[in-house]
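Given chain A, work out where chain B should sit, using these hints.
From first to last, the protein sequence lines are chains A and B. Sequential numbering of the first sequence, starting at 1, is according to this note's numbering. Sequential numbering of the second sequence, starting at 1, is according to this note's numbering.
Derived by calculation from the structure, the hints in this document are not laboratory data. Be aware that a few hints might be false.
[Unchecked claim] List of simulated lysine-lysine pairs, DSSO-like, C-alpha gap at most 27 angstroms:
id	chain 1	residue 1	chain 2	residue 2
1	B	202	B	123
2	B	202	B	182
3	B	202	A	249
4	B	380	B	309
5	B	249	B	447
6	B	200	B	182
7	A	249	B	200
8	B	182	A	249
9	B	200	B	380
10	B	329	A	249
11	B	189	B	200
12	B	387	B	447
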Amino acid sequence: MREGKGEAILLPILSVFTALVVGAFIIPFSDPNVLAAKGFMETLSASWAAVRNAYSAMFTGAFGDPKMISAAFQAWQATGETKGLLNAFRPVSESLTIATPYIYAGLGVALGFRGGLFNIGAEGQLFVAGLAAAFVGYSITGLPFLIHLPLALVSGALMGALWASVPGFLKARTGAHEVINTIMMNYIAFRLTDYLLSGPMQRPDGLPITPNVLPTSYLPLLFAEPMRVHWGFIIALALAGVVYWFLWKTPLGLEIRMVGANPNASRYAGIRITVITVLTMALSGALTGMAGVGQVLGVDHKLVRAFSSGYGFDAISLALLGNSHPFGVVLAALLFGFLRGGAARMQSVAGTPVELIRIIQGLVIVFVAAPEIIRTLYRIGSSRKQKSAS
Amino acid sequence: MPPVLELRGITKSFPGVLANDHIDLTLNEGEVLALLGENGAGKTTLMNILYGLYKPDEGEIFIRGSKAEIHGPQDAIRQGVGMVHQHFMLVPVFSVTENVMLGSELTKAGVMLDRETVSNRIKEISSQFHLDVDPNSKVEDLSVGVQQRVEIIKVLYRNAEILILDEPTAVLTPQEVEEFFKIIKSLVKQGKSIIFITHKLKEVMAIADRIAVLRSGHVTGITTPKEATESSLANMMVGRQVLLILNKKPAKPENVVLEVKDLHVNDDRHLIAVNSVSFDVKAGEVLGIAGVQGNGQRELIEALTGLRKVEAGEVTMMGQDITHSSPRKIREAGSAHIPEDRQKDGLVLSFPVAENMVLNTYYEPPFTRGLNLRHDEIEKVAQERVKSFDVRPPSISVPVSNLSGGNQQKVIVARELSRPITLLIASQPTRGLDVGSIEYIHGQILKKRDEGCAVLLVSSELDEIVNLSDRIAVMYAGRILDILPAAQATREQLGLLMAGIHEPNAARA
Numbered sequence: 001m002r003e004g005k006g007e008a009i010l011l012p013i014l015s016v017f018t019a020l021v022v023g024a025f026i027i028p029f030s031d032p033n034v035l036a037a038k039g040f041m042e043t044l045s046a047s048w049a050a051v052r053n054a055y056s057a058m059f060t061g062a063f064g065d066p067k068m069i070s071a072a073f074q075a076w077q078a079t080g081e082t083k084g085l086l087n088a089f090r091p092v093s094e095s096l097t098i099a100t101p102y103i104y105a106g107l108g109v110a111l112g113f114r115g116g117l118f119n120i121g122a123e124g125q126l127f128v129a130g131l132a133a134a135f136v137g138y139s140i141t142g143l144p145f146l147i148h149l150p151l152a153l154v155s156g157a158l159m160g161a162l163w164a165s166v167p168g169f170l171k172a173r174t175g176a177h178e179v180i181n182t183i184m185m186n187y188i189a190f191r192l193t194d195y196l197l198s199g200p201m202q203r204p205d206g207l208p209i210t211p212n213v214l215p216t217s218y219l220p221l222l223f224a225e226p227m228r229v230h231w232g233f234i235i236a237l238a239l240a241g242v243v244y245w246f247l248w249k250t251p252l253g254l255e256i257r258m259v260g261a262n263p264n265a266s267r268y269a270g271i272r273i274t275v276i277t278v279l280t281m282a283l284s285g286a287l288t289g290m291a292g293v294g295q296v297l298g299v300d301h302k303l304v305r306a307f308s309s310g311y312g313f314d315a316i317s318l319a320l321l322g323n324s325h326p327f328g329v330v331l332a333a334l335l336f337g338f339l340r341g342g343a344a345r346m347q348s349v350a351g352t353p354v355e356l357i358r359i360i361q362g363l364v365i366v367f368v369a370a371p372e373i374i375r376t377l378y379r380i381g382s383s384r385k386q387k388s389a390s
Numbered sequence: 001m002p003p004v005l006e007l008r009g010i011t012k013s014f015p016g017v018l019a020n021d022h023i024d025l026t027l028n029e030g031e032v033l034a035l036l037g038e039n040g041a042g043k044t045t046l047m048n049i050l051y052g053l054y055k056p057d058e059g060e061i062f063i064r065g066s067k068a069e070i071h072g073p074q075d076a077i078r079q080g081v082g083m084v085h086q087h088f089m090l091v092p093v094f095s096v097t098e099n100v101m102l103g104s105e106l107t108k109a110g111v112m113l114d115r116e117t118v119s120n121r122i123k124e125i126s127s128q129f130h131l132d133v134d135p136n137s138k139v140e141d142l143s144v145g146v147q148q149r150v151e152i153i154k155v156l157y158r159n160a161e162i163l164i165l166d167e168p169t170a171v172l173t174p175q176e177v178e179e180f181f182k183i184i185k186s187l188v189k190q191g192k193s194i195i196f197i198t199h200k201l202k203e204v205m206a207i208a209d210r211i212a213v214l215r216s217g218h219v220t221g222i223t224t225p226k227e228a229t230e231s232s233l234a235n236m237m238v239g240r241q242v243l244l245i246l247n248k249k250p251a252k253p254e255n256v257v258l259e260v261k262d263l264h265v266n267d268d269r270h271l272i273a274v275n276s277v278s279f280d281v282k283a284g285e286v287l288g289i290a291g292v293q294g295n296g297q298r299e300l301i302e303a304l305t306g307l308r309k310v311e312a313g314e315v316t317m318m319g320q321d322i323t324h325s326s327p328r329k330i331r332e333a334g335s336a337h338i339p340e341d342r343q344k345d346g347l348v349l350s351f352p353v354a355e356n357m358v359l360n361t362y363y364e365p366p367f368t369r370g371l372n373l374r375h376d377e378i379e380k381v382a383q384e385r386v387k388s389f390d391v392r393p394p395s396i397s398v399p400v401s402n403l404s405g406g407n408q409q410k411v412i413v414a415r416e417l418s419r420p421i422t423l424l425i426a427s428q429p430t431r432g433l434d435v436g437s438i439e440y441i442h443g444q445i446l447k448k449r450d451e452g453c454a455v456l457l458v459s460s461e462l463d464e465i466v467n468l469s470d471r472i473a474v475m476y477a478g479r480i481l482d483i484l485p486a487a488q489a490t491r492e493q494l495g496l497l498m499a500g501i502h503e504p505n506a507a508r509a
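One chain only, chain A, in its complex shape (with noise of 0.2 angstroms):
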């Protein structure tokens, strides 16, 4: 972190809120009454109201319907139902649910960046988590609980792992850049899946799908249905906690940084560069492997052609919202799972599309990789390190 830690913080929440703002001014492009709208007045009065619309269903989307809450509450308290709360709080559940893979891959991307790496392969990599999971979740019987879920967990892990290493291989031995070959190996995620699932993995009734996990594999879930939220969520804030540890407050974590910041000083600090790259491609791997690894066993119970949304593109721009920090990730993260969250709302509601999501997300990330425009816009004195007398 080079800024301060005051502004570490204070940057990102102003481009979020920079990025609603800009939002705002674009919901009434889309919207029908503002463009049917005659004159002047009319059309900033429409326009005032659906951009209220928009982000009052989108709250309501990300967060529960206030209303609902507290009518839920009362009809608890009376007579002890807890359906009611349970579908009051599913948005917040959906919210997280949307937010757990976002917290494996950005922490995975997040933990690369720190060790100088560029990981793009996170979703070829959730890809083939997903399948080694799903695997292991429907085609070993017999086991209990106990055994079987950690079993698909891990080898869902090593296959990330083991996929993510690769490139870090090549750009250890040969220096090959791990960009590039990242995203080839997504490709050759892509394409492997499709042919599983046309083949050797596919459910007897024909369709591009594996065959259903066995409820031994499954995450279980942390309340009780409609709220989807895993203990795959649980997991991935643990896993936060454990990055941080491991990189901030162990050696091995202190070379992967150091190499990270300058590999020539890691170089004449008796570090084995080559070591390290394979090794902090294989924890990056098994972190973005995760993501795909809990939509399976937590969510879908079974692996879909389309079972991720982007995740692994979209843990990019979550490390580097979140500072590449554990922690930042977490917040990162859980504001992509509301928004995300929000938006389904959003549309169906106030009409508005959902790709006015994707444009707060791609503004949030403009802003904080370019800090000037937001210290210019809120006259932040600079902290940027003028050349100084020499």
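Then chain B, alone, in the frame of chain A:
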């Protein structure tokens, strides 16, 4: 007649630093004004203001008595101010002519480059000022000294009357410096006025007509070589008494610690950089390797410290073969390494001072116990080292990038010298540092020698080599031309060797 150039009350501040504080300075026609000061004194800032790269907060510039508005290098050039930068701004694969015309291309019929006219003009300038440069040669084929003359021609071609030379001698051999001084004299004789930026006292005494000393943004004195002495100038630069001559006890060399036999090493382009080099370093002595930069010193040191592959030959340390050992093995065998480029190799700039203090020992107890890094132990040791080596960071938890160059180097010195070592390899240990830090680091190196450590010192500063070494090896084009006892070596002799001129009989005489 008004002075050629006058600066009045120039003030420039950067966040947290007042780089120039109401500086008044005059330059007369046909004069060499030396601008002397440590790194960070504000010399370069002042010259960048004059050249239009920075805008001053306050103050005015007068050229020949009339107020000048300089908003960029183009303005400066138009008003007759030219600058020769410390790092050359030349395109190596272009010819001299092409380099000179770059940026102000002369054309025939509007589209064709008119190389001929430019080349004739270069020949004129070259003979007028005795520069001896062939306009048709490629820049990459020229020696550093000649490349510098190309830079000067570039400035003269643009009709500069005032030449600013920023640390021009940093890259030259002693003989090239002599040549360079002759050029300066011929420039001045023909009416050019020169500002000569440097921190080398000897050169100032040799070439300047007047000397302005800068310290932390102020002019602390204006004097002439007649009135000043080297030590009075040093005191003005640093603001306190400085020992220019080290108190050096005679060496008591003992057993051989490092032995290098017929070493061959390649550079990054796989060309031979170290060519059958042999020498030894004994406990309790300093072996200095003199030579102009780029003659294989870097590759030699990298090979000795395990950072570069040895192609052939043998390196032993205390009888143990370390020819192909890893950097970590060599360090653990009792060697310390102060690398040539502190920011590139010696430090992780974004890491705190504390972690940089244990950069190569973090994995040993007490810094690592079991799986865990012990930050408390690291900080304790860092505190001790900061104290005993007089490093002055704001705190040991700030990134080491926040420290000045001198303090950064002291972090490395503290880290390397606070271990029990039998061999110290120091490469350019004081490059770019202020007089105060140089004095301190030299003292520490000699202290290690007196404790019985073998010291291998590489430096392109001849003064540093002469002051510290007990024996001096001169490296040229990958070979060690000769090894002389320091007491017998003369500057002239070393200078000739550094230029590759070796007369074995004369040298030994």
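We went through each hint and held it up to the structure:
Taking the CA atoms of residue 202 of chain B and residue 123 of chain B, the gap is about 32 angstroms. The hint is violated against a cut of 27 angstroms. Between residue 202 of chain B and residue 182 of chain B the CA atoms are separated by roughly 16 angstroms; this keeps the pair inside 27 angstroms, and the hint holds. Distance restraint check for residue 202 of chain B and residue 249 of chain A: the Cα-Cα separation of roughly 51 angstroms exceeds the 27 angstroms cut-off, and the hinted pair is therefore not satisfied. Of the supplied pair hints, the one linking residue 380 of chain B and residue 309 of chain B is violated, its CA atoms being roughly 37 angstroms apart against a limit of 27 angstroms.
For the suggested pair residue 249 of chain B and residue 447 of chain B, the alpha carbons sit about 10 angstroms apart, so the restraint of at most 27 angstroms is met. With a C-alpha separation of about 18 angstroms, the suggested pairing of residue 200 of chain B with residue 182 of chain B holds against the 27 angstroms cut-off. Annotation: proposed proximity of residue 249 of chain A to residue 200 of chain B is violated, straight-line Cα distance about 46 angstroms (limit 27 angstroms). Taking the CA atoms of residue 182 of chain B and residue 249 of chain A, the gap is near 60 angstroms; set against the 27 angstroms cutoff, the hint is violated.
For the hint linking residue 200 of chain B to residue 380 of chain B, the alpha-carbon distance of about 39 angstroms lies beyond 27 angstroms, and the restraint is violated. For the proposed pair residue 329 of chain B and residue 249 of chain A, the alpha carbon gap of about 25 angstroms is at most 27 angstroms, so the pair holds. At most 27 angstroms may separate the alpha-carbon atoms for a hinted pair to count; residue 189 of chain B and residue 200 of chain B meet this at roughly 23 angstroms. A distance of roughly 17 angstroms separates the Cα atoms of residue 387 of chain B and residue 447 of chain B; the hinted pair therefore holds under the 27 angstroms criterion.
Violated hints, in rising order: 1, 3, 4, 7, 8 and 9; the structure is consistent with all others.
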